[in-house]
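Asks: Here the structure of chain A is known, so what remains is to put chain B in place on it, guided by the hints.
One line per chain: the protein sequences are A and B, in this order. So the first sequence is numbered by our numbering: it starts at 587 and just counts up by one. So the second sequence is numbered by our numbering: it starts at 587 and just counts up by one.
Some hints here could point you the wrong way.
Looking from chain B toward chain A, a few residues come up when the C-beta cut is under 8 Å (computed) [what the hints assert, rightly or not]:
{"id": "1", "residue": "I594"}
{"id": "2", "residue": "C598"}
{"id": "3", "residue": "R599"}
{"id": "4", "residue": "G610"}
{"id": "5", "residue": "D612"}
{"id": "6", "residue": "I615"}
{"id": "7", "residue": "L620"}
{"id": "8", "residue": "A624"}
{"id": "9", "residue": "I627"}
{"id": "10", "residue": "T631"}
{"id": "11", "residue": "L733"}
Note that these hints are calculated values from the structure, not bench results. Every residue gets a Cβ at the ideal spot worked out from N, C-alpha and C, and that includes glycine.
2 protein chains.
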Amino acid sequence: MKIEYDCIPCICRQVLEASRMAVGEDRKIIRDILNEYARMIPDITDDDSAPQIVTRIQNYIKQKAGKDDIYLEFKEKNIKAAQQYYPTIEKLVKSSEDPLLSALIMSAVGNSIDAGVSLNVDIEDNVKRAIENGFSHSDYPFFKEQLSNANSILIIADNAGEAVFDKLLIQELLKYKVNLTYAVRDKPILNDVTMKEAKNIGIDRYCSLISSGCDTPGIVLKNASKEFLQIFSNADIIISKGQGNLEGLLDESKPIFYLLKIKCHVIAKRLNGGLKTGDFVFKYY
Amino acid sequence: MKIEYDCIPCICRQVLEASRMAVGEDRKIIRDILNEYARMIPDITDDDSAPQIVTRIQNYIKQKAGKDDIYLEFKEKNIKAAQQYYPTIEKLVKSSEDPLLSALIMSAVGNSIDAGVSLNVDIEDNVKRAIENGFSHSDYPFFKEQLSNANSILIIADNAGEAVFDKLLIQELLKYKVNLTYAVRDKPILNDVTMKEAKNIGIDRYCSLISSGCDTPGIVLKNASKEFLQIFSNADIIISKGQGNLEGLLDESKPIFYLLKIKCHVIAKRLNGGLKTGDFVFKYY
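Looking at chain A on its own, in the form it has when it is part of the complex:
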């Protein structure tokens, strides 16, 4: 998906946040990073995607901070928070009327529960409401139909925290006797899940765990590994999680089930159907 002008100020905000996470309150380095992003803006072409631009400036931040993984601590906090709620969510999903549907919703809800969320938030109540209200757009009936004939599924993962909840989705999908692969980022980028976190969470105990080969915060097929591309081509069902992967894949010809929480009006508009920021979506496209 080509970059929209709305992404330019939004990435600027993200750059500032990441800079602070990387170097604290070192105003000189933060200023240098903001200036570097400003210098990039006139060179952004209409063919660039937001994940590509983000990777470019995030690599600059890593270099200035002398760190490979700026979001390391943040990811660890997210995982810990998600793990804290896991037993409650597991119970809710397994006792719900349709555990697979509930697991899909929880997999999308997962990226709301991050380290920034106040500990006072009634997470149980939030999760219950999400299961009750469900998706704003749902292609679940068609998904079930596909699933009954599928031999292989590829899940393209997103953030580290929500990967904890993805374990529930994986467990539900495995009941359908499918070959399941979970693909993570090749290198640390934003708070996205890499091989390291996925193993710590224990995803590899349930299914095949591979790197996509991409260091962008979202799949860009031309940068993906051969292994990933082979699984991508052959998978009967692909579930793409989050906005970054959607931005990378939406213009590809292969139809995909997009599972995400909409986080900005650009994506809401792009998906049509009267969707809005905050909506949970499970869309075949």
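Replies: Chain B in isolation, oriented as in the chain A frame:
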């Protein structure tokens, strides 16, 4: 108040909005404007204030769009919306326990009611709740004390829509037999009120109406007119409305009553006292 790094992405978002308002969907011009702002970023010094930077890039937008007042239509819509609610608010203020306090709250609430607000919003309910909940920080008792000995008051105005509600505040203040001056922007900038709108609203029927001499979206004293500076120096009480004026005045030595709705965490933090975005504030500083 010196610019914070958080203002850089925020101004970028505002530039995009203003560009669209100015030239519609002309991607080439919008792109040119975004690039111009990007080029400005490395030149922003720690001594610049946000209103100064905003003026610089807004002037560029005006030039590219060939328009003196990009927000003209938007301001007219805001005024119309405010006028529609004026009779209800007038009734609520005048029948409230303390009409002056209610008029102060309404003057701050005013900038929530703009053309972007859905017509389905129950404005009466919103306004009632604002009067009930009042200010998150209030120096009203001290203000009343000052008012009992004051001969002259200067109100430094903010947006065009809320100027409609300022008429109620002016009426309540005039009951204290004070000399009242209402100062507006010298030239159109953002949706701020200028002489033209203030006259259309009829402010001049109640009190002296002057231009501040500033074309920045907030007073910058070094650019203000002699007339304004004289009134500013001699006024027994100054009420500064909105964030832009606060940013221009907070570092000045003369104490001022700041009347505003907090619209970002930078200002919330700068005002201390556990304030947050969305709070209504009446603070002597």
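Asks: Each hint should be assessed against the structure and marked as holding or not.
Replies: How the hints compare with the structure:
The beta carbon of I594/B is positioned within 8 Å of a beta carbon in chain A (closest approach about 6 Å), and the interface hint is therefore held. The closest approach between the C-beta of C598/B and any C-beta of chain A is roughly 4 Å, which is under the 8 Å cut-off, so the hint is satisfied. Because the beta carbon of R599/B sits about 4 Å from the nearest beta carbon in chain A, less than 8 Å, this interface hint is met. Annotation: G610/B was flagged as interfacial toward chain A, and the flag is violated, the nearest CB pair being 13 Å apart, outside 8 Å.
Checking D612/B against chain A: minimum C-beta separation of about 11 Å lies over 8 Å; hint violated. Checking I615/B against chain A: minimum C-beta separation of about 11 Å lies over 8 Å; hint violated. Against a cut-off of 8 Å between C-beta atoms, the interface hint on L620/B holds, since the closest Cβ of chain A lies about 6 Å away. A cut of 8 Å between beta carbons decides the hint on A624/B: the least distance to chain A is about 4 Å, and the hint holds.
Hint on I627/B holds. Least Cβ distance to chain A is approximately 4 Å, under the 8 Å limit. Interface restraint check for T631/B: the shortest CB-CB distance to chain A comes to about 10 Å, outside 8 Å, so the restraint is violated. At about 40 Å, the closest approach between the beta carbon of L733/B and any beta carbon in chain A exceeds 8 Å, and the interface hint on this residue is violated.
Of the numbered hints listed earlier, those contradicted by the structure are 4, 5, 6, 10 and 11.
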